[in-house]
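Engineer: Letter by letter, the chains look like this.
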Amino acid sequence: MFLTAKTTVKPFMKLSDLIDNNPLLLLMLQHFNIDFSVLDLSVSQLSAEYKISENLFISIANLYNGFGTNENETYSKTDLLQVIDFLENTHVYYRSDKYQQIRTYITQLQQNHPAKELKLLEKFFDEYFNEVIEHLDYEDSVAFPYFITLLKKEKGKSVQELYSSNEYNDHHTDIELKLQDLKNLLLKYVKINGDLDLRRRLFFALYELEFDLYIHSQIEETILIPSCISIENEQNV
Amino acid sequence: MYKFSSQIVVFETSRIISEGLQSILYQSEIDCRVYYVETLDHLKVTLESRPINMLITSCMMIMNREKEIKKIRRSYPLLNIVGIDTGFLQKHSIQLFDSTFTLYDSSEQIIHSISKLVEKNQCLSSKKTEEDNLTDREIEVLTRLVNGQSNKEIADFLNISIHTVISHRKNITFKTGIRSQSGLTIYAISKKIIEIDDYLPENLT
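Sequence order for the protein chains is A and B. Using our numbering, read the first sequence as starting at 1 and increasing by one per residue. Using our numbering, read the second sequence as starting at 1 and increasing by one per residue.
You may find that some hints are simply not true.
Claimed, not checked - Under the rule of at most 27 Å between Cα atoms (straight-line distance), these lysine-lysine pairs were calculated in the BS3-like manner: (1) B:Lys170 / A:Lys183; (2) A:Lys123 / B:Lys192; (3) A:Lys123 / B:Lys191; (4) B:Lys120 / A:Lys6; (5) A:Lys6 / A:Lys98; (6) B:Lys192 / B:Lys175; (7) B:Lys91 / B:Lys71; (8) A:Lys188 / B:Lys71; (9) A:Lys119 / B:Lys120; (10) A:Lys116 / B:Lys191; (11) A:Lys77 / A:Lys51; (12) A:Lys116 / B:Lys175; (13) B:Lys67 / B:Lys91; (14) A:Lys51 / A:Lys10; (15) A:Lys188 / A:Lys116; (16) A:Lys119 / B:Lys67; (17) A:Lys191 / B:Lys175; (18) A:Lys116 / B:Lys192.
Honestly, the hints are just simulated from the structure, not real lab data.
The following block holds chain B by itself, in its conformation from the complex (with noise of 0.2 Å):
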């Protein structure tokens, strides 16, 4: 129910530009989580602990820091970065960013420009859960699975890598949004991939 689909971590010394910024985005009508903070260790501890899909950060911040953006940006290449452009901003760093606002921009161009890149971001990870069509293979690891194989088993049987079948249990997991062993076995019986009197006798008594 909770979770935020976007989380935004605000690196900038500025108080006044940061909270201004946080309760520009609290108020509209972005769902996002935003941290800030004030050195680029404390950003890099926030990137490796979060799952942090958008850094915005002001032209001041990344003076003379260019290289460590572009490392940033070569871990985490999902992210967008925003640039908050106080006056300074140079031509050769424009091209650092995704995006950028400057400070005397009303809240709702700062909100649409952000967004912009919030949508991308979303439409990026529908097109890849759209899908809950299984495979024949992972059917086949699914009905293996729920007959209580393990995955050794499964790899051996298929005559497959157990690297390749716990891919394949992460797809299935992935595509249905069921976790449990308990809950792919309703999940399987529910799309008639199994029988269910097979596995009833034995374990419903």
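Excised from the complex, chain A in its bound form (with noise of 0.2 Å):
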């Protein structure tokens, strides 16, 4: 069940099948504040009920499964602010579950073992974890609302040119290659003793984390950043 097969997302499928095939599409209907009951809905019916574009939510599902996002795919300005919406979505997700949930593994594979390395390790996490904070206040307190206020703007005003959406692809650093470190030091360097309950939970953590993360910067990358930039380049005209 698990990403066996690549499947590409279509309007007419139905959702639960989806899921099935891959249930990390799971946490998309979370940021997307859908409830995980999806009945016996397609695609375009639940988009369509939650008032999401059908390209938009395909978009991000076929980003889900495993696909790139079609380049010359437009989104518009309503589109872009549930983007916006999705993304803060994900910060909590990020910010009160993945984090908190890891944290407490590696305390508590701290405290079951004396190897003094993961005293180093739970510092590491800490150090990590606030650069990651520091990223996602900043998102949300300069970048987003930057957008949102890009995106709400009437044709033909004056733009306030305290911010670019250049900057913010310059100021968007790369937080998952310290996670990276911790999966390979935690894989190959690091030497522990069974336990391996604890272990295996604070892998698929650490994966779920990456994942999404990876998403998250792909949906920054290919759909908000690019779309912004042209939204810019309209208006300065």
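The two chains are supplied separately, each in an independent frame; assemble them into the complex guided by the hints.
Structural biologist: This is the structure in structure tokens:
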């Protein structure tokens, strides 16, 4: 069931089948504020019910299913505002769900095993987590409000040049890298005896987080930023 | 998790060919991302901005453009170029390609010729990553690095240039898969390159 074959999402497909095929789509539903009881609804019915445009829904669903986005796809301003909502929801998920869970596992691991390396690993994770929080705060307080103003602005009104999508692009640091380090350390280098249940839970949590972070940055890089840059260009003509 | 191992660009103006090819690729075992471009300019931009490792194009597209294709070859020596024979492939242009298939090949045949090239690529890159043993010099650089010395300090101490230090650091990251300094510290301790007690007192309070 777990991503053994990739399915390209199509409007007529039933959500329940798609989730059966790739349960990680549940994350997507949650970020879109869609309830998990999807009844017998198809992709186009469900997106209509939640007032999400079909092409946006399909683009993101296909990202979760392991495909890239179509570069030629265009998104309306309403779509992009929904994308921002979606990304803000992913922030909540990282902050209050995933990171807390991983933190708990690492603390537990450190308590179960006296190896001093684990103390360092805990410190490593805390440092990393602080960086992530900083990045999320930056997006929530600077980048997203800018995009929202840009998207809600009426045509012809002058733009306050305080900030731009390109600047966001520069600032957009890669928070996946340290996560990769953490995984490599646990898989290849730090020796721990036994405790497989706890360690498996930790790994699964790390992979789930990594997967969602990857989608998150794909949405920003291939949907949000290019669309906002072209809106900026239009307004500055 | 989701780093596409092959990034393929299809340079083709026929929608039937490019979309058909994309669906054949996505349904196959090849782990790839496919882009399509219709103009030479767009192709150049794509090659510059993305880590493309394969270009698929038909002989119609490169007719009278041999020079440009050769130029692309020179700029991207690792790029594989696959030609689609639409029935007009001339003998002298065959040599431009690493592999070719025809429009009437079955999807298995097409995938077969493409995956051979993909495997060749992966073979090349896996040879590079196999090694995780650091050289003595790299261990020396690593030890100084995790003790908080800067590139400049390490260069002065070991009497080598900063460039050399940077290239050692790149190799260390490449071999271990660890990028951050704090991650490398944990690596060095796990591998007993440095003693944890040397490191702990000041850093773990």
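Engineer: Failing hints, ascending?
Structural biologist: Structure breaks hints 8, 9, 16.
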